[in-house]
Amino acid sequence: MRGAPPESGEGGRERGWIGCMKTRNDSKETEMSEEINVLLLDDEPIVGKRLKPALAKIGCQVEVFEEPAKALERLDEKEFDIVVTDIRMDEIDGMQVLDHVRKKSSRTKVIMITGYAMMSLAREAMEKGAFDFIAKPFQPNDLRRVIAKAAEALGSSIDFESAAGHDA
Amino acid sequence: MSIVVVSSDSREKGREIAAKAAESLGYRYLGRELLETVARRHDVPREKLEEALDESPSLLGMSSKVRGRYLALVQMAALGELLGDDVVCHGLAAHLYVLGVSHVLRMRILADPEEEARRVADEKQVSLEKARKQVERRKKSSRKWSLDNYRIDESDPSHYDLVVSLSQLGADEAVKIVVQTLGYRKFEPMTYSVKCLRDAELAARVRVALVESFGTVEVRADGGRVVVETHALKREKRKKAENVKEVAGKVSGVDFVEVHVSTDVLRKAAESFR
Chain A
7 MRGAPPESGE
17 GGRERGWIGC
27 MKTRNDSKET
37 EMSEEINVLL
47 LDDEPIVGKR
57 LKPALAKIGC
67 QVEVFEEPAK
77 ALERLDEKEF
87 DIVVTDIRMD
97 EIDGMQVLDH
107 VRKKSSRTKV
117 IMITGYAMMS
127 LAREAMEKGA
137 FDFIAKPFQP
147 NDLRRVIAKA
157 AEALGSSIDF
167 ESAAGHDA
Chain B
681 MSIVVVSSDS
691 REKGREIAAK
701 AAESLGYRYL
711 GRELLETVAR
721 RHDVPREKLE
731 EALDESPSLL
741 GMSSKVRGRY
751 LALVQMAALG
761 ELLGDDVVCH
771 GLAAHLYVLG
781 VSHVLRMRIL
791 ADPEEEARRV
801 ADEKQVSLEK
811 ARKQVERRKK
821 SSRKWSLDNY
831 RIDESDPSHY
841 DLVVSLSQLG
851 ADEAVKIVVQ
861 TLGYRKFEPM
871 TYSVKCLRDA
881 ELAARVRVAL
891 VESFGTVEVR
901 ADGGRVVVET
911 HALKREKRKK
921 AENVKEVAGK
931 VSGVDFVEVH
941 VSTDVLRKAA
951 ESFR
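From first to last, the protein sequence lines stand for chains A and B. Numbering-wise (this note's numbering), the first sequence opens with residue 7 and increments by one. Numbering-wise (this note's numbering), the second sequence opens with residue 681 and increments by one.
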């Protein structure tokens, strides 16, 4: 289910989509990309530090943010394929990030992660359009499995099994 | 992709709506038929499983240890089946132990009291007045059963996602409501909810492994980590913890066992009176 070619962005904004040509409008720079663009937001630095290399192994280009406001700014600049966000954060929480992404892009898959998982929160996230909901603590493989599912829903495929094998 | 658990103050109405909903959704129906499998697999009489599911604990009835084991066996089997998804479950008390799983729609059917009384009067050839009293008695007994065995009041509507009164809506309308409600994304399985269900199933298997030798135990699972809570006399605490750990550790899927043994005050008091 590949998407249509990217539309021209505004004011130097870039839009990418999996497995297709990615265009930077102002510079007229074009490049081929098979990578999956992931924005990872968690106010605990250890989470990004640990997950970035784990996701890179399955072909994800990961941008890590610890401050929600900066992540929202970046989301305004670029359409990511997948957003992974913590829920409980100061000032802006993960639900607000989810709302923000949903307003900007219908194709971006949002994966919620939280150390405060409960049924009502999980249902709220799903109803608001989250792709999946994962309780912390989890193994990098748990997230990679979900990322692979999200990529598949976007029309791409990830060799999740071989990455999992490398870690074993 | 989801699970529906139906509970009702009338077994007949609950079964009817659960079966119709399963048909309408293209899901499997999971009901009392499962008891046949449980009885065969664990070499226990099916009628005793029914008795454990239907009758409140009493002085002359089944011992609490035996009842606990039978209910643990039913719970383990039911949870194992629910892991398969696309199921409508009724009659196995699942509304009392499938808790906190977001892709499980929990529904309570309230039968029309007058219609129930007429049905009972016809079936048992008793007066309408007598039938009304029987219906009321059965409701009270069922509520007591849920409190005695699971410490949950099954008649409390806050335990359900959906409560449908058949005094106001017909069975077919109730089924339509179930199908419509399942259309909400919140009832779709997600990594977290699937894990919750797997944890419940693992805890149920550990409980079955423990309940025969150790009596009352509370078990929680989180991934492969299992926490067991039980009681013992002070002098037996250490030994019991070791034994529980050994048995629980052998259950497939268990990586780590934590045991909390509190002092059995009742046994201690009983011994001090000897």
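Among the hints, a few may not be true.
[To be verified] To give an idea of the chain B side of the interface with chain A (calculated C-beta under 8 Å), a few residues:
| no. | residue |
| --- | --- |
| 1 | Y777 |
| 2 | P793 |
| 3 | E794 |
| 4 | R799 |
| 5 | Y830 |
| 6 | Q860 |
| 7 | T861 |
| 8 | R865 |
| 9 | M870 |
| 10 | T871 |
| 11 | K875 |
[Unchecked claim] Only some residues are given here: those of chain B computed to face chain A with a beta carbon under 8 Å:
| no. | residue |
| --- | --- |
| 12 | E703 |
| 13 | S704 |
| 14 | G706 |
| 15 | Y707 |
| 16 | S873 |
Calculated directly from the structure, the hints in this document are not laboratory data. All C-beta atoms, glycine included, are put in the ideal place defined by N, C-alpha and C.
Consistency of the hints with the structure:
1. Checking Y777/B against chain A by beta carbon gives a least distance of about 15 Å; that is not within 8 Å, so the hint is violated.
2. Hint on P793/B is violated. Least Cβ distance to chain A is approximately 32 Å, over the 8 Å limit.
3. Because the closest C-beta pair between E794/B and chain A is about 36 Å apart, greater than 8 Å, the hint is violated.
4. With its C-beta approaching chain A no nearer than about 36 Å, R799/B sits outside the 8 Å limit, and its interface hint is violated.
5. Using the Cβ-Cβ criterion of 8 Å, the hint placing Y830/B at the interface with chain A is not satisfied: the shortest such distance is roughly 18 Å.
6. The closest approach between the C-beta of Q860/B and any C-beta of chain A is roughly 15 Å, which is over the 8 Å cut-off, so the hint fails.
7. Proximity of T861/B to chain A is violated relative to the hint, the smallest CB-CB distance being about 12 Å (cut-off 8 Å).
8. Against a cut-off of 8 Å between C-beta atoms, the interface hint on R865/B holds, since the closest Cβ of chain A lies about 5 Å away.
9. Restraint check, M870/B versus chain A: the minimum CB separation of about 5 Å is within 8 Å; hint holds.
10. The restraint placing T871/B at the interface with chain A holds, with a minimum CB-CB distance near 5 Å, inside the 8 Å limit.
11. Restraint check, K875/B versus chain A: the minimum CB separation of about 7 Å is within 8 Å; hint holds.
12. Against a cut-off of 8 Å between C-beta atoms, the interface hint on E703/B is violated, since the closest Cβ of chain A lies about 26 Å away.
13. With 8 Å as the threshold, the beta carbon of S704/B stays out of range of chain A, its nearest partner Cβ sitting at about 23 Å, so the hint is violated.
14. With 8 Å as the threshold, the beta carbon of G706/B stays out of range of chain A, its nearest partner Cβ sitting at about 22 Å, so the hint is violated.
15. The criterion of a C-beta within 8 Å of any C-beta in chain A is not met by Y707/B, whose closest approach is roughly 20 Å, and the hint is violated.
16. With a least beta-carbon distance of about 6 Å to chain A, the hint placing S873/B at the interface is held under the 8 Å criterion.
Of the numbered hints listed earlier, those contradicted by the structure are 1, 2, 3, 4, 5, 6, 7, 12, 13, 14 and 15.
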